[in-house]
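Chain by chain, the residues run as shown.
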Amino acid sequence: MNRWLRYRIADAIITAIAAVIALIVLVRLLPGDPLTAILGDRGADPATRAILEARWGTDRTLLQTLASFFGGVLHGDLGISLSEQRPVTTVLAERLGPTLLLGSLTLLIDFTIGLALGVWAALHPDTRRARLLGLFTLIGYAVPSFVVGTLLMWIFAVKLGWVDSGGLTDTLLASDAPASAVLVDRLKHLALPLAAMVIATIAVPLRQQRTAALETAAQPWVLAARARGVRPAAIAWRHCWRPALTPIVTLFGLWLPMLVAGAVFVEYVFNWPGMGSLLAHATFSRDFPLVIGAGLVLIAFVQLGSLLADVLYHVVDPTQRPS
Amino acid sequence: MTRRACFTSLAAVAGLARPAAAQRPPLHATVVYAVGREPTMPIPLFTSNAEANEDLADQLFLHLAVFAANAKGATDNAMSPALAKSWHRIDPLTLVFDIDPRARWHDGTRVNAHDVLFTWALATNPKVATDTRFEPIASVEAVGDMSVRVRFKRPSLEQVYTFGFLLQPLPAHLLERLAPETITTSEFARHPVGDGPFRFERRVAGQSVELRADTTFFLGRPTISRLLFRTIEDPSARVAAFITGETDVLDKIPVQSLPQVRQRAGGRVSDPGSNVLVYMLFNTHSTADSSKPHPIFGDPGVREALTLALDRPTIARTTFGPSAQVPDAAQSQLWSWITAGTVTAQPANVARARTLLAQAGWRAANGDSILAKNGAPLRFSVLYASSSAPNNTIALQAQQMWRAVGVDAQLDRLEPSVVGKRVGLGQFDLWVSRVGQDPTPSSLVQSWSCASAQQPGSTNRAHWCDVTFDRLVTTATTAKDQPKAWRAALAEMAAQRPAIFVAAPGNPIAIHPRFDNAILWPSHTWLSLWQWRVRPSAALPRDQ
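If you're matching them up, the sequences are chains E and B in order.
Be aware that the first sequence starts at 0, since it is given in numbering that gives the first Met the number 0, and climbs by one per residue.
Be aware that the second sequence starts at 0, since it is given in numbering that gives the first Met the number 0, and climbs by one per residue.
Next up, chain B with everything else stripped away, as it sits in the complex (with noise of 0.2 Å):
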């Protein structure tokens, strides 16, 4: 072989070699996420309140405004633009949101004042939503094509947030054509067209619904390329799914479970804590008569007692596993930054619940190993859903505990529907229940304020009513410290004992390794899902 042969080879080999590398076909990431329940209607105002129908919804229509990397809170300064490239304030009452420009529809319409006017008509229309969290806004009027003026009714730190965040506005163009209450049931609600990172593919009935990236998004290209929500009910299935490497994201892992997905996700169990609070409220009013105290949650020191009497911690790390943390008052792990990062109770105290109940005139009596007071035994029920498997858990512990004090607590385990009709109706004496609690403390205003106590349906189901706990809570809203005000209307709560508050679980969430740049939210906790990256190294078939 001739040396211009040699060199003719060598260049050939070196040619095809890099090529090769720079010809390696470019990544279709993708992501398979398992949800408990089938998203089957993924509009903003349309979700009924259903998790994988928000989670989904986030992922096709933009929010104004989201959160800030490392936010605390909702005011105004721990947000950070998203389809409004910016907003100014004219005075304490009014803001204005600029939508960006670049802004687009998934069928190439630009998006506009009008869409968030539209909107705004939808969220305010009782035919269509019940989302009472916009009632601090007064008026919202376009200001020429791309701006939109709101104006509220009262200051507040987290104006941007109660507009920018909770609207998510909606293609005028595609729907006003509509009756509002024809939406949920028209092509679009099949098909939606959002504005989001992600653009709707298909679905395919009670398996998945897929997603494919918009390549032209104006806020950067998706480093996923598709998105795959797939309906796995049983949470059994779901951890064997994501063990068998069927999915690659698992949130809401049960406890037993949790060591076999660490090894699975090599030790990548991520947890940005959660919105979740669990508690056991009182229904302090009589059940066979509201304007009465109810006999025995009437009293405050038996509240306190009953409280005393349970070990908080072990029921909470029994049931949500080690990140579960206790609060003394309504404060989920998404409000952490209130008290310096961590969630913390009272300790039980069986003693002082045994004395604070015999000064309450709740005496061993015959013998027996039940209270009783005036003859009556200190007996209640405890009302859950039988849905719920962590409802159950706590009920079964609490009643082993209060029998320790002496107390009987019956275990009323029912449909949930049932238990929502019954609690309804103030028919129950102590309630187990778990709430998904709002970015924003003030949002307690709508199940734990005087004005919620009065007002029909509303989901102060006990009607506690605390005049200082308002007071404290409107001082909040406006306090330039707002941990420490925060703090003062929880200590408020905690020290009147509405409910026996459990546990604020945490949510571990294993993902696979092949991913880079997986941020998670404590709430809409996939916001900034279409920013991850798969690591081309570690890419499996299903990202080709």
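If we strip away everything but chain E, and leave its shape as in the complex, we get (with noise of 0.2 Å):
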């Protein structure tokens, strides 16, 4: 186990590394060129920007940018970002907190109340409930989240006024407000993107279990159980849940990296200070070392969801174990 874990840590590292690579080359093809965007409605003559291109670095030959970027992941620096103008690291760490809270909160709560409303589904297929469920949450997934996301913002932060319309904190809460106005701070900004982006993903985790689980409460050792008497709550959890639990371990590897870049929209529409807006707009404005770094950070967790999918393949189904 422990060899083949070091083989698959290894090659995450060298999948990573080449996939850093094509982003770079990727960026570079874009039309398009981050001085035009930066400058915006001013000129500049060709000798200013030839000062400026050198300054930024946007003048690189792509070996030169390669070198540099890796000379410079090597010491912890990802370069400067050009329309923040401060380094890279300082603005993606400055917006992994937020990013990282919305999106982990949205898969557990994807993965622990949508896989068991999942098997509850499955296990009670045709009631009207079970039949209400799957309309209500494909149409959460079927509308776009921006528009979930505003019209929550309208019915709850406009007209009824319970939260607040966006943002992280209450930039305005005092430093010295106690604990308990901070938490409820935070929650009231929280609700609302954390709703949005529920309704718009739970679907997905929700239905592949159902399917799922349809598929091994037909299987014959559920029936066996079913006749032997046991209970119906150890039938679903035990009998159907983990034998249906490999699909959704390839879904839960997909979806990590969703913690990164999955809320772009919702992000938008909340103000919530994340990664995807911020890749969003780096992009939009050509701003190629936080492009990049933005990509490392995504790519590190598409690696990271990969690897511990892998590993949760060897817990759940003992057949996948090396011997």
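Treat the hints loosely; a few may be bogus.
Unchecked claim - To spell it out: a stretch of chain B is covered by chain E in this simulated footprint if at least three of its residues, at any positions, have a beta carbon under 8 Å from a beta carbon of chain E; those stretches are: (1) 52–65; (2) 109–118; (3) 176–185; (4) 240–246.
Stated by the list, open to error - To list a few chain E residues with every Cβ distance to chain B over 12 Å, as calculated: (5) Arg-48; (6) Ala-66; (7) Gly-166; (8) Arg-206; (9) Ala-233; (10) Asn-270.
To be verified - Facing chain E, a subset of chain B residues (Cβ under 8 Å, in silico): (11) Pro-125; (12) Ser-207; (13) Glu-232; (14) Asp-407; (15) Asp-411; (16) Val-417; (17) Lys-420.
Since the hints were made in silico from the structure, they are not lab data.
Ideal Cβ placement from N, Cα and C applies to all residues, glycine included.
Hints are included, so try docking the two chains, each in its own frame, into the full complex.
Following this line, the structure appears as structure tokens:
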């Protein structure tokens, strides 16, 4: 197992390096240039452009860019953001926290409540409640997240005034406010973006789990358990759920990167200062160092998700374990 | 109860009541302003042309001179002292600015002539700045510790503006030990130290920047204690935040949200006008060979026809609301003083447009609805940035209106940086552009003069050149009757039709009703924000 894991980790690192190289090449192929995006209305004569390009490193060849980037990575330096004029690592660090908070809570709800509802729907396939559940979650999945987000904002922030319309915190909250006030403030700001994310995503794990559980529910061992008089709850969790986990593990691995970049529109609507909106902005303004830096984080999460999924396969499916 | 006891009780009540009124805690008036883009670099000369950065920089750093109340244009007599307590003229080419000796940086250091010289050196350092507006200045030198002498290359009526307003001094004592190109990544850029009415308090990444009043500000203690710039990118979220009371000020209000916003603001929506101009620029040169005229737009008659075919007032109002005006030349509402307070344009005339196109040889052929000439259809592309919803509205409406006269406009909606690249290379037919104009019309030379047409990388994207216009602009910069002189220059531009001027939008701004003395400026809107006041009876918890 250890040898397999070491091999798998090495594989992930090599794949990540290849992905970063591909990203740098692709970014350089993007039409438009950062200088034009940054200068905006103001022109610049060729001499000034040359000075600025040299200063910002946008005149480097591909090889120079690769060497500079990987050299910097070894020292924890991802360069300077062109649009923000600050170290990329600083900008990413500021945005990663809010993103992980929103993304991890979304995943947590999707993969707990979503999976539980999926199993429940599989065990009650022909009931009206199961059909309604399927219908509502599908609608949530089908409607774009920014529409869901805007609706939630207008209902709960503007009309009812229960929560704030956006942001991560109330920046007017006194720095010496009691912990309870800080907690309430956090929850008030988190509620709507989290609800929008969950509404937009929960249908996938729920339906995946339902389908997988329906298949296992027809297996002979489940029928045998029923014949033995095993309690329905035990049948559900012991005999149906665990064998139906394999596709869910795959899904989890694929969804882990959503932690980082899966909430662009929700972040935009709710002014949530996360990585998704940062990446979208950076791409828009051709802020290449920031795009590549954010891409590196994303690639790391993809590799982590894939690695985690492989490990979980071994846990949930004994036939996958190396001898 | 004895009489004495009664008196004692009454005195006690009175004594309690009086101090309660007198001891009411002082207001800490707060203004929360939502901006669409995070101000990450509010340092003059380094603001990267971002509006939010410039607005924030205006609160932190003083100009030597600002616009006087009811100023029209940017002539010397329209300016009033700020960081400079006065200025005097030595000769038509020389001005001396005297810095107010009371002025201090927020760390307590006195502002002096060395700060001005240091900033001037930065402004002319090609590693730092790209601002061409300082071109008329020949030299700047110190006269003693508190004065600077500025020499100009030629006489102008706007010398105070050119130096005194455009240059916002930076603290030399904090910056001169840094290499100029490292200032933006320095600690100073994270925590700027200015000399304005507000000092930098903190930045919460992606959310807000907080400023606090400088209670020792030499021009008077600010009546606003705290100023919060909140970043809210989504326009509808900005509206929601204003309606819920999370923010106090809302500008760039979407047309459809105006009624709701007006209701929330207690009808208090002001429109100081705006410096924005929206136009569709003709490329009069061939995209294949710039030495040759454009096959369609090289003909002034076709340019006029395409202009007359559009119902510009409808386009302007549906896109920007009822306060939008339509000019015939490059004139935003900021320069409405040139034309006696309004900006007006020639009305649409579809019949005349058809006639002009026919005269230019564009006729219906083979029953096709699109006109043609020598077998080539009257077809061109309209290039615009996908990030702008107004651009899209304008392009779609123009497309429909042109189709009615047999013109096929193909919409080319691309990312802003791609649009910028294409425009820079001259690879466009018609470009929907939006520009924020400077306070003075003499800035027209940057984008509409023959000199800028020859200058590589200038903002004269279509390389438009009209020597008559140049001559009229030169005359206007020194003319006694400024409105008349500038009217003549703009009339020449309108006659030559380098672009279709679509709209001079207004800038409706909603302000929470608790504020008094909320003066707004058409450009640099928030310059007087430190003098706003909150009515104590209407104060919110965040003002306490």
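Verification of the hints:
1. 52–65: violated (count 0)
2. 109–118: Since three or more residues must qualify, the claim that chain E covers the region 109–118 of chain B is violated, with 0 doing so at under 8 Å.
3. 176–185: Coverage by chain E holds for the region 176–185 of chain B (3 residues, Cβ < 8 Å).
4. 240–246: Contact hint for the region 240–246 of chain B vs chain E: holds, 4 residues under 8 Å.
5. Arg-48: Its Cβ does come within 12 Å of chain B, the nearest being 6 Å, so this is violated.
6. Ala-66: holds (21 Å)
7. Gly-166: violated (6 Å)
8. Arg-206: holds (30 Å)
9. Ala-233: holds (48 Å)
10. Asn-270: Non-interface label fails for Asn-270/E: nearest chain B Cβ at 5 Å, not farther than 12 Å.
11. Pro-125: Since chain E brings a Cβ to about 5 Å from Pro-125/B, closer than 8 Å, the hint holds.
12. Ser-207: holds (4 Å)
13. Glu-232: This interface hint holds because 6 Å falls under the 8 Å limit.
14. Asp-407: violated (25 Å)
15. Asp-411: Interface hint status for Asp-411/B: violated (13 Å vs cutoff 8 Å).
16. Val-417: holds (4 Å)
17. Lys-420: holds (5 Å)
Hint compliance for this structure: hints 1, 2, 5, 7, 10, 14, 15 are broken, all remaining hints hold.
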